[in-house]
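Participant: Between the sequences and the hints, there should be enough to build the whole structure, so can you do that?
What the sequence shown shows, in the UniProt record's numbering, is residues 1 to 309, in sequence order.
Hints in this document: simulated from the structure, not taken from any laboratory. C-beta atoms are modelled at their ideal positions from N, C-alpha and C, and glycine is treated no differently. One thing to keep in mind: the hints can contain errors.
As the list claims (entries may be wrong) - Pair ranges (Cβ atoms, derived):
no.	residue 1	residue 2	range
1	GLY57	ALA250	54 to 60 Å
2	GLN125	ALA177	57 to 63 Å
3	TYR26	GLU188	57 to 63 Å
4	GLN84	ALA177	34 to 40 Å
5	ASP218	GLU75	32 to 38 Å
6	HIS56	ARG185	36 to 42 Å
7	ASP218	ALA152	41 to 47 Å
8	HIS56	GLU175	52 to 58 Å
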Amino acid sequence: MSTGSALEPLSPAERASCVAAARMHYLEDRSKTDIAETLGVSRFKVARLIELARQHGIVRIQIDDDSCVDLELSERLRSELGLQRAVVATGDVALAAADLLPQLLSDGDVLGLPWSRTIARMVEQVHDLPVVDVVQLTGAHQSPGIDTSAVAIARAVARVSGGSSTLFFAPFVAEDAEAAATFARQPEVRAARAQLRRVTHALVAAGAWQEGSSTVHDAISPTARRQAARQGVVGEVAGVLLDAQGRAVASATYDRLVTLSLRDLERIPHVVLLAAGAEKAQVVRAAVAGGFPEALVCDRALAQALLTT
Numbered sequence: 001m002s003t004g005s006a007l008e009p010l011s012p013a014e015r016a017s018c019v020a021a022a023r024m025h026y027l028e029d030r031s032k033t034d035i036a037e038t039l040g041v042s043r044f045k046v047a048r049l050i051e052l053a054r055q056h057g058i059v060r061i062q063i064d065d066d067s068c069v070d071l072e073l074s075e076r077l078r079s080e081l082g083l084q085r086a087v088v089a090t091g092d093v094a095l096a097a098a099d100l101l102p103q104l105l106s107d108g109d110v111l112g113l114p115w116s117r118t119i120a121r122m123v124e125q126v127h128d129l130p131v132v133d134v135v136q137l138t139g140a141h142q143s144p145g146i147d148t149s150a151v152a153i154a155r156a157v158a159r160v161s162g163g164s165s166t167l168f169f170a171p172f173v174a175e176d177a178e179a180a181a182t183f184a185r186q187p188e189v190r191a192a193r194a195q196l197r198r199v200t201h202a203l204v205a206a207g208a209w210q211e212g213s214s215t216v217h218d219a220i221s222p223t224a225r226r227q228a229a230r231q232g233v234v235g236e237v238a239g240v241l242l243d244a245q246g247r248a249v250a251s252a253t254y255d256r257l258v259t260l261s262l263r264d265l266e267r268i269p270h271v272v273l274l275a276a277g278a279e280k281a282q283v284v285r286a287a288v289a290g291g292f293p294e295a296l297v298c299d300r301a302l303a304q305a306l307l308t309t
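Facilitator: Below you can see the structure in the form of structure tokens.
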């Protein structure tokens, strides 16, 4: 791996440490925290040893570009939407997001993660990250066929990165507004809210306001769904209900959610939006109009819909 200048040679002891760290990380799939405990060093030192192993050719990573990303469509979409980055996956959006995540982060960043079916699948594919802390953004939700909650999502990513995790136990969709307010007053939830100002990056998923596309939509009654639609809701991002112009919609449904606000999303410097399916074109355009995502990871069907609407 070229660094633009000559590398200082490793001493035998340094090389042995790099080999040990790389072996445990890549072959034994151990977290940086576990490796740090074994070697008796900090997790930041472990991250440095792994990077040195790559720079000095101890570890060689081969990319089989078959390819999982449609580069031409990605650039067209990025230009059309005015984003800093667009990734159009040829397969599973969750896998593409998992591949992208290490490229976005650096040691010391703070990553915010909400509940999302797509993000739940993504974390299963995340195996190597810089040392970052993780903050849970929304309450937990159990989805049929997915045995992962918002707590487990944040905890799993923190384990891979070797960073800390700020977690809380509360539902994503509470029974009513009073229950949601009670959960919001819990010390753990308040602590997570206080950490929002530290979040540098967030991955969030978009859901169209229709059955099977949005966790929030599917968790509420038909009457509440219709009421939200009459108020102009076209979809939601991490529980933030949006109209077609990307404005937050205040509603009885939102009052039941244990989540962040549109203002919170806007304050996060780097937000990546995940979405799949042509039916999500309107909510993605709404989010872009709102101005908070700087990047989009989507599938070909959604990309084509966005380019033709």
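Participant: The structure should be examined with respect to each hint, and the outcome stated for every one.
Facilitator: Now the hints, each set against the structure:
no., hint, in the structure
1, GLY57 / ALA250: 54 to 60 Å, "holds (57 Å)"
2, GLN125 / ALA177: 57 to 63 Å, "violated (36 Å)"
3, TYR26 / GLU188: 57 to 63 Å, "violated (34 Å)"
4, GLN84 / ALA177: 34 to 40 Å, "holds (36 Å)"
5, ASP218 / GLU75: 32 to 38 Å, "holds (34 Å)"
6, HIS56 / ARG185: 36 to 42 Å, "violated (52 Å)"
7, ASP218 / ALA152: 41 to 47 Å, "violated (20 Å)"
8, HIS56 / GLU175: 52 to 58 Å, "holds (57 Å)"
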